[in-house]
Each structure stands twice: as structure tokens, then as C-alpha cells.
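Participant: Build the complex from these two chains, which are given one at a time in their own frames, with help from the hints.
In case you want the letters, here they are:
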Amino acid sequence: MDKGPILEVEKLNIRFNTPVGVVHAVRDVSFTMGREKLAIVGESGSGKSQTGRAILGLTPGKVTAQKLAFHGQTLLDLTPQQWREIRGKRIAMVMQDPKYSLNPVMTIGDQLLEAARGIKEGAAARQHALGMLAAVRIRDPERVYRAWPHELSGGMGQRAMIAMMLMAEPELLIADEPTSALDVTVRLQVLAILDDLVKTRHMGLIFISHDLNLVRTFCDRVLVMYAGQVLERLTASELEQAKHPYTRGLLVCPPEIDHRRARLPVLQRDPSWMEPVQP
Amino acid sequence: MIEIENLSISFGHGADQVDAVKNVGFSVAPGESYGLVGESGSGKSTILRALAGLNPFWSGHMAIAGQKLTAERPRALRRLVQMVFQDPFGSLHPKHTVDRILSEPLAIHGFDDVETRVRAALERVGLGPAFRFRYPHQLSGGQRQRVAIARALILEPKVVLLDEPTSALDVSIQAEVLNLLTDLRQQLGLTYVLVSHDLGVVAHMCARLSIMRTGEVVEIASADDLSEGRLLHAYSRQLLIASRGYDTQAIAAFGDF
Chain E
1 MDKGPILEVE KLNIRFNTPV GVVHAVRDVS FTMGREKLAI VGESGSGKSQ
51 TGRAILGLTP GKVTAQKLAF HGQTLLDLTP QQWREIRGKR IAMVMQDPKY
101 SLNPVMTIGD QLLEAARGIK EGAAARQHAL GMLAAVRIRD PERVYRAWPH
151 ELSGGMGQRA MIAMMLMAEP ELLIADEPTS ALDVTVRLQV LAILDDLVKT
201 RHMGLIFISH DLNLVRTFCD RVLVMYAGQV LERLTASELE QAKHPYTRGL
251 LVCPPEIDHR RARLPVLQRD PSWMEPVQP
Chain S
280 MIEIENLSIS FGHGADQVDA VKNVGFSVAP GESYGLVGES GSGKSTILRA
330 LAGLNPFWSG HMAIAGQKLT AERPRALRRL VQMVFQDPFG SLHPKHTVDR
380 ILSEPLAIHG FDDVETRVRA ALERVGLGPA FRFRYPHQLS GGQRQRVAIA
430 RALILEPKVV LLDEPTSALD VSIQAEVLNL LTDLRQQLGL TYVLVSHDLG
480 VVAHMCARLS IMRTGEVVEI ASADDLSEGR LLHAYSRQLL IASRGYDTQA
530 IAAFGDF
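First to last, the protein sequences are chains E and S. Under my numbering, the first residue of the first sequence is numbered 1, with each subsequent residue one higher. Under my numbering, the first residue of the second sequence is numbered 280, with each subsequent residue one higher.
Isolated chain S, as found in the complex (with noise of 0.2 Å):
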């Protein structure tokens, strides 16, 4: 479903040009959930923005669903991959309510029955009705995520870019919402690749992952790899010593990478 080759992205020129994303590759197969992991500046949103067609100034070769992709990118091949951000509370227009928020999309791309498409889609996220004409600052942080996974659905894509979806989220919500998450990728045969710092996440949502350090993939792992602790390179394993609580003997052997 979305194959990535030799892709590179830089910000800035000259001495100032950052390299933030160098000669990765992956693909990820119809239905699977991949993931991204790595600590802030790894790159890992920067490849999702990419993706999603935000950031047109990358090179290498990118697909979805067998189409190439460049930097203009038709509109429908823009309806097939949707984003989820990370931050529920910017991520939503405070002066719209639900319904302007689900509609607008639907305008922008020609679906008919607005109506129809906008009360399933609140039900299929576990909201009902009564969230229709509600404002942002009226709902709960997992209420609003609820709201920005309606939003990418209901243009029904084949891909769902999910970006540190739970991060803001207190973890009791955020268990709700990975079920939710999970629930709709077996009903819909969506294709997902999530972005996340916490290895606990990407290890129960994905099957797949690369961890990624300063723009490179340090290395391709399962998640079985990672429960049983096979994993290869120095960094991906203090990572994973990282994820498992405060020992300060594990601290005291950390190495700068």
C-alpha cells in the first residue's frame, strides 16, 4: 500500500541545511499497522508530513496504492491518505462546530448526502448525536481526537497517518481510543502508519516498526523483537531499557548517541 525508497528531506541552505530525514525506505503492506519510534528530532513526523502531501520538498520515491507520488498531487489520491494529529486541542477549528469540522471536507471533495455521512461517522467513533453542534472547547481531549479521527474517515481513505494520536492523552483515555483505533482498522481495511516516542504504543499497535535516530532508520524490527528483546543496535536497545522504568544502574551505562 505505501512503498518508500531512498527518501531524503532537508531544511535550510548552505551551512544552515539540516538533514532531517536521510535515504529511508519501508513499505507497508494493505492492512497492516506500521510504526515510526524515535526521540524528538529523529525525523519520524517529518517522513508522516511528507506522506500526507504537507511538505512537498523532499526527494526519493514515494507511492500509495501504486501511484507514485509528486509534488503535486491530484485530489483524489489526496482523499485516499488522511492524517490524525498529535494535539486535539490545535488541531480543531475553535469556531466550528463538530458538524462544520466533518462537513468541510465532504464540500471540498464532492460527496453528496452530507447529512447521512456526517451522523455515521460521530457513531462510528462512539459519539452520538447530541456532539453534532457542539464547539472544540465543549468537548474532553479524547472527545475532540474522537472528532479528528471522524474527520479522517469520513472521506473514507485507504490510509490513516496517525501522528503521536494519544500523547496528550491521559492514559485511561488513551486506551479507549487505541481500541477504538484498532476496532476501525479491522472493520474498514484501513492501512496505518503511527508515529510515536512510546514504545508501549507502537508495540501494541503495530506489527512492524523502524526506530529512527537523527533522520535514519537505525534498524527494522517486529514487535516480537521487542518484547523479547532482540534487538540489535546499541541506541534501539536503551530505548527499550529507557521505556521500562527508572533504574539507575541502566542510567549510569546510557551512552550519547
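This is chain E alone, in the form it adopts within the complex (with noise of 0.2 Å):
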């Protein structure tokens, strides 16, 4: 098997064009990874969710970088040929919300063939979906495969969902906060699936969350980003001796079951952090 990092990212820059002048919303970012689970992490416009989509090609704003290679392959000047033989089939992404990200006009059984479209066709695609749905642990892959999105709950959706991003068996799949719509309990057994794949299928997975705490316990390394740069790169098992106070501050804020306190800490922040992070 292929030893080498499945992506590199050098300087990527993402801007914007707006009215009021040119936004800089991700801005020299680096990172490399392998099969293992990365995770991004920031709050709302840290730049977390731009940066994944620009490994597809899909955020609208402009992107330049050094480098932004798949397998050695650059990503920066493809054809519209050339995406369709990655994206959705090499490299796959999941969405936030079900509701909005399944087709409402199609069974989920249709949605898994489509997903399956020149790879696998007729009663062998037929099979790999059933395949694919009862490895995402539904229990009657038969009655999903026939349901309309709308006959499904946010858990079933979200893992019909995870099982069409699998069909064609990607390298890489980039998850855009994908538990958050859902609840607890069902959020945990989904992260165990995305879990298992990852260790089964060999794949590589880039976790796009603004949860520091689910981050920590979930994946491998983290990344956390703010006013669109990296500001600090850790394991996550290390992620309580976190040295930037942006870091320190996203980990002490959330309300704790365990530790009550009568006020809860407020974030500080600091200009600088806005300033150029020095590599």
C-alpha cells in the first residue's frame, strides 16, 4: 500500500471579492496528512469549512497555494474531466444536515446508485449499496433502500448519507461538521462508524468541527484555526496542554457537567492573534 501522504497543503490561501473590498477568509495554511483522523477546528468564519471545500474545488472564492496535492497529484489546475474522476469518487465529503443535503425527489436507493455511476452498475451496484447501508449500521437496509429522505430520522439520514459518500470507496473523505445536527447518543454510534471505516478501508479523514472536547476524544491530531490561519497544531491527546491562549480559552468555556462553576470564563481576545502566524 501507498505509504505517502495522501494530501499536502502549502500556503492556501482562499479571498473573497466582496462590495466592500477583498475578505481574506483562509490565509497560509499548511498541512500534510495520512490515513489518520485530522481534525479542523475553529468557531463560526475561522476558516475551517473554506478550507475543506477547497480540497474539492468547491468554494467559490478565489484559491491560490504553493502546493495542494492528492497522492503527489495537483489539485490547483484541473479539468472539469479530471474533478469528476476525483471528487465523490477518490475524495468524498459530508455535509452538516441531512434534511437539506439528501435529494427529497429521490429514494435513497437511487441516491446510492447515482453515487455509484460508472463504477459499479445494475444488480452489482444494487448489492454494494445494500452492502454499503448495513455497513453504516442500519439495521433493514432493504426498507432504506426504498425510503424517501423524508421517511428517515436525522441519524438514518446522516448515515444513509455516509454510506453514499462510500460507495465508490474513497481516499480521503472531508466530514463538514457531520454530527451536529443529530443527538448524543445517535452522534457518538455515527462518529463510531466514521471510526471503523477509517481503520477498515484504510481511509484518511479530515473533521471539520467547532467542538474542541468531541475533537479531543475522536481524532488523531487537531488543527486549530482563527481569522482563517492555523494558529496551533497538536495531538489531540495533548490537547490539555494547549500553549495558545485562543486554545486554552475554546477548552475552558463550555460548561461542564463534572466542574460547576458560578461564572463561566469568557474568551479574551487579542489582537495579535489576527496578525501573521510565524511558521
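Hints are not guaranteed to be accurate.
[To be verified] With a straight-line Cα cutoff of 20 Å, these simulated SDA-like cross-link-like pairs (lysine to any residue) come out:
hint : chain 1 : residue 1 : chain 2 : residue 2
1    : E       : K89       : E       : K199
2    : E       : K199      : S       : Y525
3    : E       : K99       : S       : A447
4    : E       : K243      : E       : K199
5    : S       : K437      : S       : R358
6    : S       : K301      : S       : A331
7    : E       : K99       : S       : F368
8    : E       : K11       : E       : H71
9    : E       : K99       : S       : G369
10   : S       : K437      : S       : R411
11   : E       : K120      : E       : R146
12   : E       : K67       : E       : R15
13   : S       : K347      : S       : N302
14   : E       : K99       : S       : V393
15   : S       : K437      : S       : N458
16   : E       : K199      : S       : A529
17   : E       : K99       : S       : S446
18   : E       : K99       : S       : Q365
19   : E       : K99       : S       : D366
20   : E       : K89       : E       : R146
21   : S       : K437      : S       : F305
22   : E       : K89       : E       : L130
23   : E       : K89       : E       : G72
24   : S       : K437      : S       : A331
25   : E       : K99       : S       : G320
26   : E       : K199      : S       : T527
27   : E       : K199      : S       : Q528
28   : E       : K243      : E       : L231
29   : E       : K199      : S       : P309
30   : S       : K347      : S       : P309
Keep in mind that the hints were calculated from the coordinates and are not lab data.
Facilitator: Quick look at the structure:
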């Protein structure tokens, strides 16, 4: 098996032209990842989702980078044909909310088959689809295969969407807040499915989240983003030893069940966090 | 301050009838903050909407400040119970300025001195007078939720119903809004009923809580019971474990409730 990095990102920048001037949403983001669970964490507007989208060429902003390579192949100047070979097949993306991301006028089965078009056809594709639904622990794959999106609960819809993304057996899965619309217990069950898939299929997973405490227990490595930059890089298990005041602030401000405080600490934002980070 | 006994709420008829709330009862003392926790579909928001008077189709007994609630609710009683909704993007009128959003309830309830009250309300939630003539789209999520809180408080209510007031906000902004709610309850002697799926938020804000599942209260616990793990029902214990983060072994042991 290929031991090299799956994805290499060097000095990724994303800019948006707006009526009030250029918004520099992602600034000099660099990282390299292999077959692991990498978290990109940050608050709304930190540029974490745009970073994930840029990898698939899906951001409406202007993307520049010194290097953006998938298995050594650059993703910066692909033709639409070349994109079709990668998007959904070798790199797939799971969105936040199954309510808006599934096609409401197609059955789950048809959407699964569509995801495998050009790879598997006919009865083989159907068997594969049922197998994928079983792999995301849907108990009655035949029923869900025939179901319409509105007939499924949120957790079930999210599992069906993950099954769809896996139809083509991608090497890299980008999950943008894949569980924040779900109840806590269902959330953990969906994470367990992703965890198994990373282990058994040797996938890479980019997990975009605002929840530092979830990431601490689920991922291998964490990039903390603020105002478009990576402020700190940490091993997930060593998150407690974070040095940057922003990361430390994010860790202490959520209310805790075991450790109740009269008042919650509030993040004091320092203007110096906006300045370019020295590599 | 709030008494609820045998409250049942159902939607639909015949075979399609859904019993969203089944024989629920709890009471909240004046100045207390009470939590309703549960996953989606557990009926927690449905109870809140009935208390607020947004759904008159319920059965059982409910009373606020000693006054029995009926389907018809006098204006003076409506004033005493105000609500803050989950989504600060959906709950403020996009084409009304903050000034109009805050003045409208005053006009409806015949308050005088609108100008002073609007200024004071903004001051109270930590927004300066500069915010008074802005539109919602010119505010961040946290600022919008502060406006929603100001709108609830401007009528000088006794009871504030909070429906997931911080679940749409970043954790750093959540901390600011929860601190504000804590301060306001102390300063104004308010009674809160807080609905949340987040056990951490409820344990922080409320001394007592009901844990709900499919329309029923499975357990009434204190915040100390939560932090010391003294929960009796298997479902509540599973909810507590799930709130502590990702753990493969714990997840494998999850039951279906």
C-alpha cells in the first residue's frame, strides 16, 4: 500500500471579492496528512469549512496555494473531466445536515446508485449499495434502500449519506460538522461508524468541527483555526497541554457537568491573534 | 411560581395521533431555574410552547404565579411569561430595527416611556445605544440573542422560558450569553425554565431538572446528581455517558430506548 501522504497543503489562501473589498478568509494554511483522523477546529468564520471545500475545488472564493496535492497530483488546475475522476470517487465529502443535503425527490437507493455511476452498474451496484447501508449499521437495508429522505430520522439520514459517500470507496473523506445536527447518542454511533471505516478501509478523514471536546476524544491530530490561520497544531491526546491562549480559552469556556462554576470564563480576544503566524 | 400536573399534549387524530407529552408534572419555585433535558422528539419544547401560550391544545393542570392557565389567556398573564427562542436568525423580524423589535411589545401592552425602556433594555443585555437603530442582519449571532433576551425582559416578566438559547452559538459566545442569563436572574429575581439537549448547559444553569424521553419524564434529578453520576434510569445514565465524549466501548454498550 502507498505509504506517502494522502494530502499535502502548502500556503493555501482563499479570498472573496465582496462589494466592500477583498475578504481574506483563509491565510497561508499548510498541513500534510496520511491515513489518519485530522480535525480542523474553529469558530464560525474561522475558515475551516472553506479549507475543506477548497480541497474539492468547491469554494466560490479565489484559491491560491504553493501546493495542493492529492497523492502527489496537483488539484490546482484540473479540468472538469479530471475533477470528475476525483470528486466523489477518490475524495468525498459529508455535509452537516441530511435534511438539506439529500435529494428529496429521489429514493435513498437511487441516490446510492447515482453515487456509484461509472464504477458499478446494475445488480452489482445494488448489492454494493445494500452492503454499504449495512456497513453504516442500518438494520433493515432493504427498507431504507426503498425509502424517501423524509421517511428517515436525522441519524438515519446522516448514515445513509455516509453510505452514499462510501459507494465509490474514497481514499479521503472530508466531513464538515457531520454530527452537529444529531442527538448526542446518535452522534457517537455515527462517529463510531466513521472510526471503523478509517481503520478497516485505510481512509484518511478530515473532520471539521467547532467542538474541541468531541475532537479531543475522537481524532488523532488537531489544527486550531482562527481568523483564517492555523494558530496551533496538536496531538489530540495532548490538547490539555495547548499553549495558545485561544485554544486554552476554547477548552475552558463550555460548561462542564463534573466541574460546575458560578460563572463561565469568557474568551478575551487578543488583536495579535489576527497577525500573521510565524511558521 | 409554575405548577404542572398531568400535562398531556397530542397532535393529529385517529391512527395518526402522536402523544408528544404524556402525563408530565413538575413545579418550579419563584427565582428557581429548572431544566428540561432530552433528545429530539422527547417533548421538551412542546411543554415550553404550551406554557408560553403558543399551543392552546393541551389537557391537565398548569398554573403560573398562582393563576390557573386556560386556553384563553388574559393579556396581563401573557406579559408575565416571556420566551427566548433557539434560532436568533429566525426569531427576529429581518425588516424591523432593534428599536422597533423592542418597542412593539411595549405598545401592545400599553407601556409608557418607551424611549427610556428601550435604552434601559439594551443597556441591561450589554448592548450600547449604538445598536438601537440596526437591523438584525447587521448583528452577530450572539448580539441577536442578546436582542431576543432584551425583548423578553422589556415587559418585566416573572417567568422566562428559554428554548435552547445558546445551541446556535459558538462556545465562547455561549459562555457570554449564559453568564448574562445568570446575572439577570439574580438581579431581577426571574424564574427560568430552560430546555436543552446539552447536559453541560443544564447542569450549569439549573439546580433541578427533568430528563425526558418520548413525551415522558424518565427521571427528576438535581445538578449534583448529574455531576456525581447518581442517576437511576438506564436512559439517563446513557445520556450522561454520551455527553462525556467519544468512547468506543461505551458506544458498543448503548441500548435502544
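Participant: It remains to establish, for every hint, whether it holds in the given structure.
Facilitator: Now the hints, each set against the structure:
1. Of the pairs offered as hints, the one joining E/K89 and E/K199 holds, with about 19 Å between alpha carbons and a cut-off of 20 Å not exceeded.
2. This hinted pair checks out: E/K199 and S/Y525 have alpha carbons roughly 16 Å apart, not beyond 20 Å.
3. Simply put, E/K99 and S/A447 have alpha-carbon atoms about 17 Å apart, close enough for the 20 Å limit, and the pair holds.
4. For the proposed pair E/K243 and E/K199, the alpha carbon gap of about 30 Å is over 20 Å, so the pair is violated.
5. Distance hint between S/K437 and S/R358 is fulfilled; the C-alpha atoms sit about 9 Å from each other, no more than 20 Å.
6. Restraint check for S/K301 and S/A331: the C-alpha separation of about 18 Å stays at or below 20 Å, so the hint holds.
7. Distance hint between E/K99 and S/F368 is fulfilled; the C-alpha atoms sit about 18 Å from each other, no more than 20 Å.
8. Distance hint between E/K11 and E/H71 is fulfilled; the C-alpha atoms sit about 18 Å from each other, no more than 20 Å.
9. For the given pair, E/K99 sits about 18 Å from S/G369 by alpha-carbon distance, which is consistent with the 20 Å threshold.
10. A threshold of 20 Å between alpha carbons decides the hint, and for S/K437 with S/R411 the separation of about 25 Å lies outside it, so the pair is violated.
11. A C-alpha spacing of about 19 Å is found between E/K120 and E/R146, which places the hinted pair at or below 20 Å, so the restraint holds.
12. For the given pair, E/K67 sits about 16 Å from E/R15 by alpha-carbon distance, which is consistent with the 20 Å threshold.
13. The straight-line distance between the Cα atoms of S/K347 and S/N302 is roughly 17 Å, inside the 20 Å bound, and the hint therefore holds.
14. Note on E/K99 and S/V393: the hinted pairing is violated, with a Cα-Cα distance of about 42 Å set against a maximum of 20 Å.
15. Restraint check: the Cα-Cα separation between S/K437 and S/N458 comes to about 19 Å, which is no more than 20 Å; the hinted pair holds.
16. Distance restraint check for E/K199 and S/A529: the Cα-Cα separation of roughly 18 Å lies within the 20 Å cut-off, and the hinted pair is therefore satisfied.
17. At roughly 18 Å between alpha-carbon atoms, E/K99 and S/S446 fall within 20 Å of each other, so this suggested pair holds.
18. Taken as a hint, the E/K99 and S/Q365 pair is honoured in the structure, with Cα atoms around 18 Å apart against an allowance of 20 Å.
19. Taking the CA atoms of E/K99 and S/D366, the gap is about 17 Å. The hint holds against a cut of 20 Å.
20. Proximity of E/K89 to E/R146 is assessed by CA-CA distance (about 24 Å); at most 20 Å being required, the pair is judged violated.
21. Under the criterion of a C-alpha separation no larger than 20 Å, the hint pairing S/K437 with S/F305 is consistent with the structure, at around 18 Å.
22. In summary, the hint linking E/K89 to E/L130 is supported, as the alpha carbons are separated by about 18 Å, within the 20 Å threshold.
23. Simply put, E/K89 and E/G72 have alpha-carbon atoms about 17 Å apart, close enough for the 20 Å limit, and the pair holds.
24. Pair hint S/K437 plus S/A331 holds up; C-alpha atoms about 12 Å apart against a cutoff of 20 Å.
25. This hinted pair checks out: E/K99 and S/G320 have alpha carbons roughly 16 Å apart, not beyond 20 Å.
26. Simply put, E/K199 and S/T527 have alpha-carbon atoms about 13 Å apart, close enough for the 20 Å limit, and the pair holds.
27. For the suggested pair E/K199 and S/Q528, the alpha carbons sit about 16 Å apart, so the restraint of at most 20 Å is met.
28. A hinted pair counts as satisfied when its Cα atoms are at most 20 Å apart, and E/K243 with E/L231 qualifies at roughly 10 Å.
29. Among the hinted pairs, E/K199 with S/P309 is inconsistent with the structure: their alpha-carbon atoms are about 53 Å apart, more than 20 Å.
30. The suggested pairing of S/K347 with S/P309 holds, with an alpha-carbon distance near 16 Å, which does not exceed 20 Å.
Checked against the numbered hints given earlier, this structure breaks hints 4, 10, 14, 20, 29; the rest are met.
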